[in-house]
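**Q** Sequences and hints are given; from them, build the entire structure.
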Amino acid sequence: NAGVTQTPKFQVLKTGQSMTLQCAQDMNHEYMSWYRQDPGMGLRLIHYSVGAGITDQGEVPNGYNVSRSTTEDFPLRLLSAAPSQTSVYFCASRTERGAPYNEQFFGPGTRLTVL
Amino acid sequence: KNEVEQSPQNLTAQEGEFITINCSYSVGISALHWLQQHPGGGIVSLFMLSSGKKKHGRLIATINIQEKHSSLHITASHPRDSAVYICAVVYGGATNKLIFGTGTLLAVQP
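In order, the protein sequence lines correspond to chains A and L.
At position 71 of the first sequence (counting the first as 1) the number is 374 in our numbering, and the numbers step up by one without a gap.
At position 63 of the second sequence (counting the first as 1) the number is 797 in our numbering, and the numbers step up by one without a gap.
Simulated from the structure, these hints should not be mistaken for laboratory data.
No residue lacks a Cβ here, since even glycine has one placed at the ideal position from N, Cα and C.
Each hint can be trusted.
Computed cross-link-like contacts, DMTMM-like style, restricted to lysine to aspartate or glutamate with a CA-CA straight-line distance of at most 20 Å:
1) L/831 / A/341
2) A/312 / A/375
3) L/788 / L/801
4) A/312 / A/329
5) L/831 / A/359
6) L/789 / L/751
7) L/789 / A/406
8) L/789 / L/815
9) L/788 / A/406
10) L/788 / L/815
11) L/831 / A/406
12) L/831 / A/362
13) L/802 / L/737
14) L/787 / A/406
15) L/831 / A/399
16) L/831 / A/333
17) L/802 / L/739
Coverage of chain A stretches by chain L, computed from C-beta distances (three or more under 8 Å per stretch; other residues unrestricted):
18) 341-347
19) 403-412
To be clear about the criterion: a stretch of chain L counts as covered by chain A if any three or more of its residues have a C-beta under 8 Å from a C-beta of chain A, and this derived list gives those stretches:
20) 757-768
21) 771-777
22) 833-844
**A** See the structure below:
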């Protein structure tokens with residue numbers, strides 16, 4: 304199993320540009336989520352999904368969109384990038400069977416810089 | 735006040751020392767995770783616990799639900815243990831969201 308994969312690893316954008324961060328998992332996990340990690344702060348939840356076709360907002364959703372058309376993929380879209388979105392982004396997944404005692408699996412992260 | 739607080743924020747130890755990292759939380763939880771993040775960024779799960787104690791190799795995690803406190807211990811520390819250790823609590827409810835601490839940066843010197 305590849306686990307949770309993310310692309311790209313690094314990205315530099317100019318203010319106002321849009322882009323999509325890709326996330327995929329091959330473990331048939333129901334729950335997928337996006338976090339951002341900023342210096343001095345814990346990971347913060349952006350959006351999450353409990354299954355294909357179902358998404359919801361997390362703690363810091365503004366400026367981001369998500370969709371979940373398949374169990375495997377959960378892309379994160381930045382609509383109009385802003386310097387405040389400079390961060391490291393992590394995708395994570397877990398099974399919902401046996402929740403809440405489930406291990407979280409994290410992708411390798413995407414380091415995004417917005418100039 | 736953060737809902738999940740870790741201490742210390744930074745820790746430098748000599749190889750072989752016994753290390754303790756603490757996590758206190760202020761919300762009702764159903765479980766708690768300890769995670770490890772190495773330089774280069776990848777995050778891996780070390781433990782998930784809801785009561786008592788768990789051990790894996792040189793790592794031991796304990797939790798006291800009544801006192802809202804958990805500890806991560808590393809015995810016989812080694813430079814390869816150098817990493818950021820993150821505590822995350824599972825905040826109950828239908829979606830079982832995670833609330834993360836800010837992490838403890840551990841450096842183990844040879």
